[in-house]
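Chemist: Taken in sequence, the protein lines are chains A and B. Numbering (our numbering) for the first sequence: 1 to 167. Numbering (our numbering) for the second sequence: 1 to 349.
What the hints contain is simulated information worked out from the structure, not anything from laboratory work. Some clues are possibly wrong.
Straight-line alpha carbon distances no greater than 25 Å define the calculated BS3-like cross-link-like pairs of lysine-lysine that follow [as the list claims (entries may be wrong)]:
| hint | chain 1 | residue 1 | chain 2 | residue 2 |
| --- | --- | --- | --- | --- |
| 1 | B | Lys-54 | A | Lys-124 |
| 2 | A | Lys-26 | B | Lys-262 |
| 3 | A | Lys-96 | B | Lys-32 |
| 4 | B | Lys-210 | A | Lys-35 |
| 5 | A | Lys-35 | B | Lys-282 |
| 6 | B | Lys-32 | B | Lys-307 |
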Amino acid sequence: MGNQKKIPVSSIVHEQDLRKRNENYKKYVEENTPKNSIVKDTIQAFIVGGIICTIGQFFISYYQYLGAGEEAAKAYNSITLVFLSVLLTGLGIYPKLAKFGGAGTLVPITGFANSVAAPAVEYKKEGQVFGIGCKIFTIAGPVILYGIFSSWLLGLIYYILKLLKVI
Amino acid sequence: MAEQNSTKMVGKQSIVFNNPPLILAGSSIAGKKEGEGPLGHLFDTVQEDPMVGKESWEEAESELMKEAATKVLEKAGLKNSDIRYLIGGDLLGQLIATSFGVADLNIPILGIYGACSTMGEAMALASILVDGGFADRVLAITSSHFAGAEKQFRFPLDYGNQRPYSATWTVTGSGAVIIVNPNLHKPNLGEKAIVVKGVTIGRIVDYGLKDSMNMGACMAPAAFETISANLEDLNVDPDYYDRIITGDLGYVGRNILIELLKEKNIDISNNHMDCGIEIFDKDRQDTHAGGSGCGCSAITFTAYVMKQLREGAWKRALFVPTGALLSQVSFNEGKTVPGIAHAVMVEAV
Chain A
1 MGNQKKIPVS SIVHEQDLRK RNENYKKYVE ENTPKNSIVK DTIQAFIVGG
51 IICTIGQFFI SYYQYLGAGE EAAKAYNSIT LVFLSVLLTG LGIYPKLAKF
101 GGAGTLVPIT GFANSVAAPA VEYKKEGQVF GIGCKIFTIA GPVILYGIFS
151 SWLLGLIYYI LKLLKVI
Chain B
1 MAEQNSTKMV GKQSIVFNNP PLILAGSSIA GKKEGEGPLG HLFDTVQEDP
51 MVGKESWEEA ESELMKEAAT KVLEKAGLKN SDIRYLIGGD LLGQLIATSF
101 GVADLNIPIL GIYGACSTMG EAMALASILV DGGFADRVLA ITSSHFAGAE
151 KQFRFPLDYG NQRPYSATWT VTGSGAVIIV NPNLHKPNLG EKAIVVKGVT
201 IGRIVDYGLK DSMNMGACMA PAAFETISAN LEDLNVDPDY YDRIITGDLG
251 YVGRNILIEL LKEKNIDISN NHMDCGIEIF DKDRQDTHAG GSGCGCSAIT
301 FTAYVMKQLR EGAWKRALFV PTGALLSQVS FNEGKTVPGI AHAVMVEAV
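Just chain A, same shape as in the assembly:
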């Protein structure tokens, strides 16, 4: 691996100052650990995320074609995508998609559904209350908490700006 190593091994093995040794080791490990290709990952995420969004657009158009209003069609679409994601999670297919698509499967609403369904499946064995009840949001929890918190904060700012007649 790596022919132009910046950190010589001697600066780890023979370094007496442990803090320095640890710093050198950290850099050395970074240099010697194979990395994922960001370009490849980004392209894959773009493709998979794009396909999911296209499917979403298809559902919106389809529900509108069936006579739903635009808002209702969007809501039906979310429900459909969440359902499909949960179904694919239960069947063990979603993690395989995510392995390939990365953030492309994480960012759309399907990723959120997966992050709720996966713990539900996993912790079912620990009971309805302490298993599913307590642990269903172990991954999605931060998104929910800080999502609600930041909307509250923005709402507050909006309210104050309105009071001050800035907007």
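For chain A, the structure is supplied; the task is to place chain B on it using the hints.
Modeler: What follows is chain B alone, placed relative to chain A:
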């Protein structure tokens, strides 16, 4: 240390036994993916069902352990009651795989935690008890389960995420050995007997890494220090051993270990082997840096290393299971990932 010569203590942290205990038998129970790997044909049993007919991953792991214990007793031709003590441990919180797995065997037990180095720790303690005359026959056992480990240390199994190249794949499997007083058992004809010549107990080694997805790099310094200590304590060269076998450093950790040792003029590049690298085919099985977990070194040892020694392909091996001493709490609290490695000197006689 010349004045220590009358005792079994050698150098700073090693023991050489007076009457090297015999490894009477070993068993290996492997999961499906391990069974499909390069060592698949060597395991005693390959469990196709990841749940092993149980309700949860934890119960499944306990069942693997029970099977490994039953199998090793059967191979040794012994009954539970012949075993003086059982020494075992696993990766799950409070060692539940072990407790629930071996409870029915009714053998007095010492539960230990050494993360993935547990097999080394268990074998070292078992040998110490036997050579010290505190036990005649001791069963050392450990296990790990991919899904149980993912659930405890990372994410629920069905959660979609990507693993970096440095990540390892926890081995599903359980391995056990029975270590006995060599005067009590005659080795089988036509086969070499395997004895534990000595052990080197590892220190906790922390080079400050915090990346739990790069365990190989976190543990390599521990293997480096334990292997150096063993060679220094015994005053031998690395080629004294036909193989120096680390537990689960994987590809990343292995390279680091070899380079660190080279800097101390110890070259193990020709006789080093890593159980995590041997157990999976990384290209075909998509296991990234290699296998890991207590079961990784345990079943590789019992299925492959013991076979090589029995058949005379190797005479001496230094078995160095490596462990990463982290928990999800320590990781979330921003702690480093310290490593540990224990060395067990095994010899075919």
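Chemist: Take the hints in turn and mark each one as holding or not.
Modeler: Hint by hint, here is what the structure shows:
1. B:Lys-54 with A:Lys-124: Distance of about 14 Å is within 25 Å: holds.
2. A:Lys-26 with B:Lys-262: Given that 25 Å is the threshold and the Cα spacing comes to 19 Å, the pair holds.
3. A:Lys-96 with B:Lys-32: The given pair, whose Cα atoms are some 18 Å apart, holds under the 25 Å limit.
4. B:Lys-210 with A:Lys-35: holds, 17 Å
5. A:Lys-35 with B:Lys-282: holds, 16 Å
6. B:Lys-32 with B:Lys-307: Cα-Cα ~21 Å, so holds.
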